[in-house]
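A.B. asks: Start from the sequences, fold in the hints, and give me the full structure.
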Amino acid sequence: MAEAETTVPGRNFYVHLAGKTNDAHHDFVKKLKDVGQTEVQSPEESDYLLVFCPIASRVGTDISEAMDNMPGDKPAILVVMHHTFSPDHVVAPSMGQVNNPNVLLTVDCLFYERNLLKCNRNDIAWHEVQKFLGINPSQVMTRFTDPI
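Residue numbers (my numbering): 2 to 149.
Subject to a maximum C-alpha distance of 27 angstroms in a straight line, what follows is the list of computed DSS-like cross-link-like pairs (lysine-lysine):
hint : residue 1 : residue 2
1    : K132      : K75
2    : K119      : K34
3    : K32       : K132
4    : K31       : K119
5    : K34       : K75
6    : K21       : K32
7    : K75       : K21
8    : K132      : K31
9    : K132      : K119
10   : K21       : K119
11   : K75       : K31
12   : K32       : K75
13   : K21       : K34
14   : K32       : K119
15   : K21       : K31
16   : K132      : K34
Hints are computed from structural coordinates only; laboratory data are not their basis.
C.D. replies: Following this line, the structure appears as structure tokens:
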């Protein structure tokens, strides 16, 4: 769920990895590119940050570390990545753990090894990101789990 009913200006995003994603974040990045967003090579070139935070120990601790090491002072989308083999795994929303005013949206995703899982949780996260970026879901694939 969005913390604020705002959107980021512009289409350029910078990917910041706050831990080891096993490259599972590439699925999410590709989806963003497919809807007209552009990945740039430095935070300075970006309109917003796309921060991937895989949970390695405790949700609060890992998110806090990710926020402490976030580059620049740009608006950010935080993608909290929970490692599990179960597409039915239930996670508490992570947005309550975020205390950085630059993070305008926090979503939770499930991944296993090198891939995001095909599950409702990831579909919800993708829909929230599309809505936040002002992308009309009727113009694109509406579910994250649709084929890339």
